[in-house]
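Undergrad: Listed below, chain by chain, are the residues.
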Amino acid sequence: MHTIYNLVVGPLTWIAGAVFVFGSIYRLVSMYLSAKKKDPFLLEYMDFKYGLRSILHWIVPFVPVNSKRHPTVTVITFLFHLCLIFTPIFLLAHVVLLDTYHGLGFWTFPETWSDVMAAFVVGACLFFGIRRAVLKEVRYVTSAMDWVVLVMVFLPFLTGFLAYHQIGPYQVILIIHILSGQVMLAAIPFTRLSHMLFAAVTRAYIGSEFGAVRQARDW
Amino acid sequence: MSKEALAERNKHVVDPGLELGLSRLTPDKIEKAIQRVLRNETGARLKMYTEMCVRCGLCAEACHYYLSHDGDPAYAPVAKVKRTMWEMLKRKGRVGPEFLRQAALVAYTECNLCRRCAIYCPFGIDTAYIIQVVRRICHLLGVTPQYIQDTAHSHSATMNQMWVKDDEWIDSLMWQEEEARDEIPNLRIPLEKEGAEIMYSVIAPEPKFQTQLIYMAAVIMNETGMDWTMPATPGWDNSDMTMFTGDFEIMGRLKRLHFETAQRLRVKRIVMGECGHAYRSIYDVGNRWLGWRNLPVPVTHAVEFYWELLNSGRLKVARQFEEPVTLHDPCNIVRGRGLHEKARDVLRAFCKTFVEMEPNREHNYCCCAGGGVINCGPPYKMVRMAGNKVKADQMKATGVKVVIAPCHNCHSGLEDIIHHYELGMETKFFSQIIYECMEKPNAV
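Line by line, the protein sequences give chains A and B.
So for the first sequence, the working numbering puts the first residue at 80; every next one is plus one.
So for the second sequence, the working numbering puts the first residue at 97; every next one is plus one.
Hints are computed from structural coordinates only; laboratory data are not their basis.
Careful, some of the hints might be misleading.
Taking CB as the label site, the calculated pair distances span [said to hold, decoys possible]:
| no. | chain 1 | residue 1 | chain 2 | residue 2 | range |
| --- | --- | --- | --- | --- | --- |
| 1 | B | P392 | A | V144 | 35 to 45 Å |
| 2 | A | V139 | B | S252 | 41 to 51 Å |
| 3 | A | L122 | B | E452 | 37 to 47 Å |
| 4 | A | L107 | B | D263 | 52 to 62 Å |
| 5 | A | L112 | B | E115 | 50 to 60 Å |
| 6 | A | P119 | B | H249 | 29 to 39 Å |
| 7 | A | G96 | B | K186 | 24 to 34 Å |
| 8 | A | P189 | B | E437 | 41 to 51 Å |
| 9 | A | S222 | B | K497 | 43 to 53 Å |
| 10 | B | R132 | A | V108 | 21 to 31 Å |
| 11 | A | G96 | B | G387 | 36 to 46 Å |
| 12 | A | V213 | B | P420 | 40 to 50 Å |
| 13 | A | D178 | B | D166 | 50 to 60 Å |
| 14 | A | I246 | B | E194 | 45 to 55 Å |
Computed footprint of chain B on chain A, listed as stretches where at least three residues anywhere in the stretch have a Cβ under 8 Å from a Cβ of chain B [stated by the list, open to error]:
| no. | segment |
| --- | --- |
| 15 | 107-118 |
| 16 | 125-131 |
| 17 | 214-221 |
By construction, the Cβ of each residue, glycine as well, lies at the ideal position given by its N, Cα and C atoms.
Hey, can you work out the whole structure from these sequences and the hints?
TA: What follows is the structure, given as structure tokens:
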């Protein structure tokens, strides 16, 4: 158990981290080069002011018309993403690890906060799963990959929550937690999760086209 | 019509343009064409759009087809992409003729490229762009609906959409000039006047069967003292069906000729009639194919032109249009050009009572005729009618009998809907209202 633990906390973490960081850089750079060669308008029409305008309008819940039309999805998705991103970064357990191994310590969330946030992510994943199964227009376009991606996000948070509360065989749950987190990280550049990298780009682009070329609003 | 019924009917729509094209195809040819388009003509945008879509389905309610078919999931924008591009990508182009028939039907007749979905998607994914790529593939494989392909042939052979011959064009203009001189004796339609300030361009259906629009435009120009001209040579047509079939090479030739005609006449700008897709072709699609970031000669849409004339005081209101009106915001000049407020300014100046449709402006529903769909002809009229019930409901809810639609295709589309759903309404162009209500200092 200890050897496995050392493996996942040591080399595997480095590998997953590297795949995430270098994979993301690779995707962004190759997308840029592809745009330069074959989709020149993407770069030509990209406009800082209008791109930012679009991003700012869509990053605030209930500003876009479609956001107003779907209040539940809007609230859950928005909070889900906030919790997803900030919990792992400011979680006490993670910062303790960083501090112990690399001397890098910083402010953390109070434990009750991270507990609620992690639980929220788990609940949100369940919501997304049910929504995907129940809503006709979502089910119609769903494939296996959509479920895989959902599980990839669900597992680290579920197992993290369970591990913290010491529910189940602790060391096994912990190792699954670390592994599933690493799988998720490594998968980001190469699956639908890449929307993390590209959403700002496509949002800014359509904002630029609508704002600068067409002089209309895209929200 | 239920999805099953439509699929059943689609299976048996006899469209020689599709059938003949499909009969010549093999999976090898199809694969080759798809690979060629994906490799040479697409890049980051298509990759990002198809990869990062998380299948959230939030685009569904943006689409009039989806809403009019009572939430039939097959009509959601993401579903249309699934039924076409995703499959092509998944199989790396190795798809059969039967799949291609369905893909062509989806791309050419079940999407108006209206881009309403692009403003509903959280990522701003441009479904219209993806569907355009599918159309491009179908065009290269020779699988296009017959009627719209005929207009593409016309563009190719005559540089205009309606097989108008060179002399017919001049005759039509001279005929309208003669008619107009009964009302306004000093009216001229100046042909080939070099150095004029404005070159006025129209879509080919105008000289063919809407000549009164040329008459009214000439009156507006004359009575506001504009220094204008029209070309007597091919290049007068600003319309562009090839943009919609995927025949980008001809599209490029058309736009180049149109601008070169304006440059030959050394005009300061082009003013174009109330058309939506022509504006899109000039301003947004054709220019890009030619590698122009902007336009070599500035182009002003009729709505903006009328607004300028009003603001400068050249165009004066003699009396107001009494009947209550509503405004249909055409996709290509509102989502496509932001002219919604100027249209409203012009409307309020000339019309006594204005009732807004809901939703409106950038969120207005498409008329279902645009994007080349009405140009695919009679076999698909019922597809349009079934696909735009929301429009009928939207218009009916205003309670008025006159709808102003500053776009030719919207006119035809809305007239079909009005007739089919028995709304008892009338469509009008701004030029008709302005002609009726403006001051005409030189009229007898």
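Undergrad: Run every hint past the structure and note whether it holds.
TA: Tested hints:
1. For the hinted restraint 35 to 45 Å between B:P392 and A:V144, the CB-CB distance of approximately 36 Å keeps it satisfied.
2. One distance hint, 41 to 51 Å for the beta-carbon pair A:V139 and B:S252, holds here, with the actual separation near 49 Å.
3. The hint said 37 to 47 Å for the Cβ distance between A:L122 and B:E452, and at roughly 38 Å that hint holds.
4. The hinted range of 52 to 62 Å is satisfied by A:L107 and B:D263, whose Cβ atoms lie roughly 58 Å apart.
5. Between A:L112 and B:E115 the C-beta distance comes to about 42 Å, which lies outside the given range of 50 to 60 Å.
6. Evaluation of the 29 to 39 Å hint for A:P119 and B:H249 yields a pass: the beta carbon distance comes to about 30 Å.
7. Distance hint check: the CB atoms of A:G96 and B:K186 are about 31 Å apart, consistent with the given range 24 to 34 Å.
8. Our hint of 41 to 51 Å for A:P189 and B:E437 holds, since their Cβ atoms are close to 50 Å apart.
9. At roughly 49 Å, the beta-carbon separation of A:S222 and B:K497 lies within the given 43 to 53 Å, and the hint holds.
10. Between B:R132 and A:V108 the beta carbon distance is about 26 Å. The supplied range of 21 to 31 Å therefore holds.
11. About 42 Å separates the C-beta atoms of A:G96 and B:G387, a value consistent with the hinted range of 36 to 46 Å.
12. Between A:V213 and B:P420, the C-beta spacing of about 44 Å keeps the proposed range 40 to 50 Å intact.
13. Restraint check, A:D178 to B:D166: a C-beta distance of roughly 58 Å satisfies the suggested window 50 to 60 Å.
14. Between A:I246 and B:E194 the CB atoms are about 53 Å apart, so this pair conforms to the stated range of 45 to 55 Å.
15. Counting residues of the segment 107-118 of chain A whose CB lies closer than 8 Å to any CB of chain B gives 7, which reaches the minimum of 3, so the coverage claim holds.
16. Beta-carbon proximity to chain B at under 8 Å applies to 0 residues in the segment 125-131 of chain A; the threshold of 3 is not reached and the given coverage is violated.
17. Coverage of the segment 214-221 of chain A by chain B holds. Counting CB-CB distances below 8 Å, 8 residues qualify, and the rule asks for three or more.
Against the hints set out earlier in the document, violations occur for numbers 5 and 16.
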